[in-house]
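Asks: With chain A's structure known, arrange chain X on it following the hints.
There are 2 protein chains.
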Amino acid sequence: MSTTPRAAPVPEPPTWADVQAAADLLDGVAHRTPVVTSRRLDELAGCQVFLKAEHLQRVGAFKFRGAYTALSRLAGTRREAGVVAYSSGNHAQAVALAARELGIPATIVMPHDAPAAKVAATQGYGAAVVRYDRYREDREEIGRRIAQESGATVVPPYDHPDVIAGQGTAVKELLEEVPDLDAVVTPLGGGGLLAGSLLSVAALAPEAEVWGVEPEAGDDARRSIAAGQIVRIETPRTIADGAQTLALGELTFPIIRDRVTGVVTASDDQLVGAMRVMATTLKQVVEPTGVLGLAAVLAGAVPCTPGGRVGVVLSGGNVDLERFATLVARQEGFA
Amino acid sequence: MSTTPRAAPVPEPPTWADVQAAADLLDGVAHRTPVVTSRRLDELAGCQVFLKAEHLQRVGAFKFRGAYTALSRLAGTRREAGVVAYSSGNHAQAVALAARELGIPATIVMPHDAPAAKVAATQGYGAAVVRYDRYREDREEIGRRIAQESGATVVPPYDHPDVIAGQGTAVKELLEEVPDLDAVVTPLGGGGLLAGSLLSVAALAPEAEVWGVEPEAGDDARRSIAAGQIVRIETPRTIADGAQTLALGELTFPIIRDRVTGVVTASDDQLVGAMRVMATTLKQVVEPTGVLGLAAVLAGAVPCTPGGRVGVVLSGGNVDLERFATLVARQEGFA
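Residue numbers (the working numbering), protein chains in the order written: chain A, 1 to 335; chain X, 1001 to 1335.
Okay, chain A solo, but in the shape it has when bound (with noise of 0.2 Å):
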């Protein structure tokens, strides 16, 4: 018995070629987001930092690249009976926006008690929405309900090949635009976008090192991979909800076990102080999640020193303002 059930075999991970093949899906269709770099961000982080600014993706996040290559990749007999995803977060919007491009009808799972504002860009995107109860209901078994009566595809978050290869895509473009890194950093909640990116890594820049940066307070990959098995904990809490995962999947896990440099973890204020440095030098809004990479530098829990050049993935932007204001309101002086 595995540690996180499935009913499904395991299908085939997914390659470097389906990461080119992703990256031709998306041309044209995603952005090809900005690579930002600032002289005060060298300073305070000890080398020269490349910054991947998926928070300016379509949806605010790079999760639009791994659902529209899902999406796409739908065999045509089973586009017309839609998609159906589960999500509070920036994968719903981002199946929603993939399915009214690819004019598929789409289905999100969402809980009663998500912000109106999200509720209202998903139905936005032309998807309809069901509401669950977070606290009585399931909303895996609701989304496989939904799937099962109407026929309907399930497009999880990050565990599906052309997800993972669709994630890939950002790191690609990285490394084309900056090929000499020594390093790449990146968010890690399920594994999708640090698996991806180390398939565009290992074909691109096999010398570079490449980290993932979880939150302390959910810090299973790092336990998995110590474990040698997927370790499974209780939703974490921290304010990056982006990486509220409560375990790496089967096809994110080995990949990630076989090739990455370390996983490392980011306290809740750090990621606070990597948001204020995002907003005074840069001018930029990053949601907590989105900044796990930044913060993990600028607290020198992955290497950058003198001479080094790191890029790092800023992986999403979607922040509710009152709360972005409270939070880079209420510590001082780090910025």
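It is possible that part of the hints are untrue.
Said to hold, decoys possible - Partial list, computed: chain X residues near chain A (C-beta under 8 Å):
#1 P1034
#2 L1056
#3 T1235
#4 V1285
#5 G1317
#6 A1325
#7 V1328
What the hints assert, rightly or not - Now the in silico label distances, taken between C-beta atoms and shown as ranges:
#8 V1029(X) - R309(A): 16 to 26 Å
#9 T1037(X) - R134(A): 34 to 44 Å
#10 G1076(X) - T305(A): 49 to 59 Å
#11 R1131(X) - T305(A): 50 to 60 Å
#12 R309(A) - R1073(X): 32 to 42 Å
#13 D27(A) - G1076(X): 51 to 61 Å
FYI, nobody ran anything at the bench for these hints, they're computed from the structure. Bear in mind that the values here come from a model prediction, so they are computed numbers and not experimental data. Ideal Cβ placement from N, Cα and C applies to all residues, glycine included.
Replies: Just chain X, lined up with the frame of chain A:
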């Protein structure tokens, strides 16, 4: 007697050739800032909007363009004696950084209650900071005295031909990247940015309209154009601290009077609304003065109708983060 007394004669007004020369000086020194677009912003505005992102300029504002241009053109014999500027805002940091780049000593006269971060930033660029009591002393007099005693050259924030020419390079870049604009909209305080922009539009897009946007509480430019002469006002109460100017300059006024399509105003509430749109939709931190142009577009104060293409200068992003948080959190439901 003029309404704005001056000891020195008014110099020759700048021309398009001066803007071109300034662009050459700034090449490789100032950032060629990106032009940013957003479908969601277009929906909110009602036309296609092209944002010239000068909040991403060095020192976080377009002011670096004018300051560097003016300092570059200082005769060699005057460089050793240094420069002096009085400002609590972006001009101070712009002069300080430009002086450091050019190896010119700089003295900045700042109020005793200027934010510590701004004083530190100015000193960080290597400038000497002279503090004054804003309730008892006259900063212009202090600046002139320092200039007289040391032989330093005063670098005014807007009423100087090289400063105007330098500011004009921002819209020059915008029009080179997006040549077919129907209108250009800029923030308006002392008029340096608007006057320089008018020179660039006249040369590169002579059919395009040009609108200046000043704070509702400080509509001296609108009144000056109506009166046919420079109208001087008391310090306006507005959150747009970069546009709390008392009057247009003797150089900027005639350029604006002769060439501008119109001057409109934006209220503080409209500025906060535009800041919220920038933060939520575009993930950008822009200071209140920086969104004057965008606020007017979103409020319909300047023409922006389906099919229209409007360029808007975002002039700066230097806002204390606690202040930003307080401002954007106070208005619900706009964006």
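Asks: The structure should be examined with respect to each hint, and the outcome stated for every one.
Replies: Against the structure, the hints come out as follows:
For P1034(X), the suggested interface contact is upheld, since its CB lies about 7 Å from the closest CB of chain A, less than 8 Å. Of the supplied interface hints, the one on L1056(X) holds, with its beta-carbon coming within about 6 Å of a beta-carbon of chain A, less than 8 Å. At a threshold of 8 Å, the smallest CB-CB gap from T1235(X) to chain A is about 26 Å, leaving the interface hint violated. Checking V1285(X) against chain A: minimum C-beta separation of about 4 Å stays under 8 Å; hint holds.
Checking G1317(X) against chain A by beta carbon gives a least distance of about 4 Å; that is within 8 Å, so the hint holds. The interface hint given for A1325(X) holds, since its Cβ lies 4 Å from the closest Cβ of chain A, which is under the 8 Å cut-off. Taking 8 Å as the C-beta contact cut-off toward chain A, the hint placing V1328(X) at the interface holds, the least distance being around 5 Å. The supplied range of 16 to 26 Å is met by V1029(X) and R309(A), whose beta-carbon atoms lie about 23 Å from each other.
With their beta carbons about 37 Å apart, T1037(X) and R134(A) fall inside the hinted range of 34 to 44 Å. The beta-carbon spacing between G1076(X) and T305(A), approximately 40 Å, falls outside the hinted interval of 49 to 59 Å. Judged by the Cβ atoms, the range 50 to 60 Å given for R1131(X) and T305(A) is violated: they are separated by roughly 38 Å. At roughly 36 Å, the beta-carbon separation of R309(A) and R1073(X) lies within the given 32 to 42 Å, and the hint holds.
Between D27(A) and G1076(X) the CB atoms are about 52 Å apart, so this pair conforms to the stated range of 51 to 61 Å.
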